[in-house]
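Mapping of the sequence shown onto our numbering: residues 22 to 475, in sequence order.
Hints were generated in silico from the structure; no laboratory data involved. One or more hints might be untrue.
[Claimed, not checked] Under the rule of at most 20 Å between Cα atoms (straight-line distance), these lysine to aspartate or glutamate pairs were calculated in the EDC-like manner:
#	residue 1	residue 2
1	LYS156	ASP189
2	LYS153	GLU218
3	LYS364	ASP417
4	LYS214	ASP281
5	LYS132	ASP189
6	LYS364	ASP304
Since this is a predicted model, take the numbers as computed values, not measurements.
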Amino acid sequence: MAVAAAAAAAAGPAGGGSGRAQRSGLLEVLVRDRWHKVLVNLSEDALVLSCEEGAAAYNGIGTATNGSFCRGAGAGHPGAGGAQPPDSPAGVRTAFTDLPEQVPESISNQKRGVKVLKQELGGLGISIKGGKENKMPILISKIFKGLAADQTQALYVGDAILSVNGADLRDATHDEAVQALKRAGKEVLLEVKYMREATPYVKKGSPVSEIGWETPPPESPRLGGGSSDPLSSQSFSFHRDRKSIPLKMCFVTRSMALADPENRQLEIHSPDAKHTVILRSKDSATAQAWFTAIHCNVSDLLTRVITEVREQLGKTGIAGSREIRHLGWLAEKAPGDSEKQWKPALVVLTEKDLLIYDNMPRRKEAWFSPVHTYPLLATRLVHSGPGKGSPQAGVDLSFATRTGTRQGIETHLFRAEISRDLSHWTRSIVQGCHNSAELTIEVTTGGPQKNAGT
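Model the full structure from these sequences, guided by the hints.
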């Protein structure tokens, strides 16, 4: 399942004593073809998506899908005593407490006018969700007990807000509705209509909980045997409205799973190549900043991964190829006519071979079954220059290899994500070919040649 997110605010500065980037910002996440706002935090080795009530509500985000806690203007900032909505379930009316059968049949699908007097602390005391971008009306998803909306005894969870003080909200986006409610003044006249059919939507949990990023099978051995390895321990940390995605051996790329004409997206593919989280920022510059920070952290983890894989494979290496020299994700040109048909490829360089995998092997035996095995002795780097379908217009990050096989010449076109990666891969392949040739000569001759007759 593809998941996408869009930045609603500039991310924080890079930092951290280790040199790895740390950022945070408000984003939108696309789950099941709908956009939802989330808070994204980047640490040294994980990307955390959250819709937690405390942090999110103050940024205009509620715990439910695209939900907002609506207070009075100027209230609700952190530290404003009494403005915080009640945290306990007993203090909140939701679709699980305001059951549809408890709502009088006489008001179902009937327009009603309800006057609400905003409180100085707490505002209206409701959370809303929905909006034009979600193809849903503006719905009351929570009513906080004891606050203004609850005191009217005339509003229900599942009410669609049609207008605020006469301002039509039937075609409003979520953010437009939030602003209309905040600017409405102390006395607010809401035109509402109870929508029984919207109850399942109101009941839906956080979009974060729907992000696919599965835990590996419990029998999977740990890379390098370390219990701290997030690849082989739990692949994500799940809370009610929070998910932590380990960055170790993720593939960070752009314009692969989803078209990006505005150059505002970046993608994080899981090590097993089964899941993708797509982040989309408010502009190209912010997208590049997020991409650079995440890519940097993933790259910094590679050294540890290579060490662990070497330990896992032991002295024999991969199928007689001796030890691994380098590994990492590249975009590979998939067969077909489309110029933008790229797919993730895990590429491994050993002393003798270039190996290609569809995903990151977890078991030791899986390392012995790559999709392709190409001897470096028969492989040449034949292209590193202008190419089509690069992540950014005008930036060439592609290279090609050609290998002679019994079935003929096989060519592969790869794309790196940054120029430094391109330089490293091309240099490593050329050097690997030379080293493989020298190694073959040494094995063939068995040592220095002797002059005849001596």
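These are the hints, each one checked on the structure:
no.: 1; hint: LYS156 with ASP189; verdict: holds, 16 Å
no.: 2; hint: LYS153 with GLU218; verdict: holds, 17 Å
no.: 3; hint: LYS364 with ASP417; verdict: holds, 17 Å
no.: 4; hint: LYS214 with ASP281; verdict: violated, 38 Å
no.: 5; hint: LYS132 with ASP189; verdict: holds, 13 Å
no.: 6; hint: LYS364 with ASP304; verdict: violated, 25 Å
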